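All residue numbers for the sequence shown refer to this note's numbering, where the first residue is 1 and numbers rise by one.
Hints in this document: simulated from the structure, not taken from any laboratory.
Heads up, some of the hints might be wrong.
[As the list claims (entries may be wrong)] Listed next, the in silico DSS-like pairs over lysine-lysine satisfying Cα-Cα at most 25 Å (straight line):
| id | residue 1 | residue 2 |
| --- | --- | --- |
| 1 | 269 | 128 |
| 2 | 8 | 173 |
| 3 | 90 | 20 |
| 4 | 20 | 8 |
| 5 | 8 | 83 |
| 6 | 173 | 269 |
| 7 | 269 | 83 |
| 8 | 8 | 21 |
| 9 | 83 | 20 |
| 10 | 90 | 173 |
| 11 | 8 | 90 |
| 12 | 269 | 8 |
| 13 | 21 | 90 |
[What the hints assert, rightly or not] Derived CB-CB ranges, DEER-like:
| id | residue 1 | residue 2 | range |
| --- | --- | --- | --- |
| 14 | 113 | 200 | 23 to 31 Å |
| 15 | 46 | 224 | 18 to 26 Å |
| 16 | 31 | 193 | 17 to 25 Å |
| 17 | 46 | 182 | 46 to 54 Å |
| 18 | 126 | 91 | 51 to 59 Å |
| 19 | 207 | 146 | 21 to 29 Å |
On a predicted model such as this, the values are computed, not experimentally measured, just so you know.
Using N, Cα and C, we set each Cβ at its ideal position, and we do this for glycine too.
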Amino acid sequence: MSWEQLEKIFDRALQRSLSKKKNLFMIPILVLCGLLTVVCRALALGAGDWVLLSLTFLPVFLSSGLLLAAGVVLIRVYFQEFKTQELNFKATLQRSWQVLINVSYLSMPLLMVYLLLWTLMGVFYLLKELPALGDFLSVILAFAPFLLILGSMLLGLFNIVMLFFVTPAVALKTGVRFKLIEVVYARLRQGVFSNCLYLILALLPLALCVGLLWIAAQVTGASFFSGLGALSQIFQWFFVMIPFATLLSPSVIFFFNFSTECFLLQSRKENIAPEEEICETL
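Let's have the full structure, built from the sequences with the hints guiding it.
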């Protein structure tokens, strides 16, 4: 992989992330993910530390299935655009319906593991409240909540890795089959540095966009939302979330476009023609 190749695929993925049709497809999905986040934040108002902690991570794993399914559609559309310069969302959705249903279940194991970690965290919160022994146990067992929170963060990171590496493999090569894990693991093992570089580059526009939008939301909340009741805050979060999701859409589309480019580049390096292995539904 040369720098010129990397620059070319980055620019092409970025240019094709501004498509009106793609953004009109992606914005409602991001709004739905944002709605899940708003609901979780609303439930966290006035809640205890254990519930507040769980509702912080929960929207990530609830949104994962939606983003996986949306990513499959975007990647297949991008691949068709790459070959024919045409966008046909309707035909792609009709041919990919079964794959979309199957791929949404890939996020379930992560959600189940997270719920298990959350339940274990509740045990330590319960031990902390024991009379006489609670303070002693909270000191001696302080490492356990640390490891559980770290595990939740690593699950979130793994979720991002899955979106980048698994989605194109499902969309363009294997579908949701037993050999999916083998295919993705073999790819990651063959080029650890290059795959990490691909992931970082894919996240750059997304991180920049999220950072700017988050700062704007925090400043707005500090200066404009102060002194409001809980119900008013919830509705304000909802109406701020809509432009937040809209402005985030191009960077999410770029993330999946770039994952497609990297998958195709890796396939060419392995002397595999994706067109020959692509699912027949395409």
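Status of the hints after comparison with the structure:
Using a Cα cut-off of 25 Å, the hinted pair residue 269 and residue 128 is violated, with the two alpha carbons roughly 55 Å apart. Taking the CA atoms of residue 8 and residue 173, the gap is near 23 Å; set against the 25 Å cutoff, the hint holds. At most 25 Å may separate the alpha-carbon atoms for a hinted pair to count; residue 90 and residue 20 meet this at roughly 15 Å. Proposed proximity of residue 20 and residue 8 is supported: the alpha carbons are some 22 Å apart, at most 25 Å.
Taken as a hint, the residue 8 and residue 83 pair is honoured in the structure, with Cα atoms around 16 Å apart against an allowance of 25 Å. With a C-alpha separation of about 15 Å, the suggested pair residue 173 and residue 269 falls inside the 25 Å cut-off, and the hint holds. A distance of roughly 19 Å separates the Cα atoms of residue 269 and residue 83; the hinted pair therefore holds under the 25 Å criterion. For the hint pairing residue 8 with residue 21, the CA-to-CA distance comes to about 23 Å; that is within 25 Å, so the pair holds.
A threshold of 25 Å between alpha carbons decides the hint, and for residue 83 with residue 20 the separation of about 19 Å falls inside it, so the pair holds. As the CA atoms of residue 90 and residue 173 are separated by approximately 21 Å, the hinted pair is consistent with the 25 Å bound. Proposed proximity of residue 8 and residue 90 is contradicted: the alpha carbons are some 29 Å apart, above 25 Å. Straight-line distance between C-alpha atoms of residue 269 and residue 8 comes to about 16 Å, which keeps the hinted pair within the 25 Å bound.
Between residue 21 and residue 90, the direct Cα distance comes to roughly 11 Å. Compliance with the 25 Å bound is thereby established for this hinted pair. At roughly 25 Å, the beta-carbon separation of residue 113 and residue 200 lies within the given 23 to 31 Å, and the hint holds. Between residue 46 and residue 224 the beta carbon distance is about 21 Å. The supplied range of 18 to 26 Å therefore holds. At roughly 37 Å, the beta-carbon separation of residue 31 and residue 193 lies outside the given 17 to 25 Å, and the hint is violated.
Range check, residue 46 to residue 182: about 47 Å between beta-carbon atoms, so the 46 to 54 Å window is met. Judged by the Cβ atoms, the range 51 to 59 Å given for residue 126 and residue 91 holds: they are separated by roughly 54 Å. At about 25 Å, the CB distance of residue 207 to residue 146 agrees with the hint of 21 to 29 Å.
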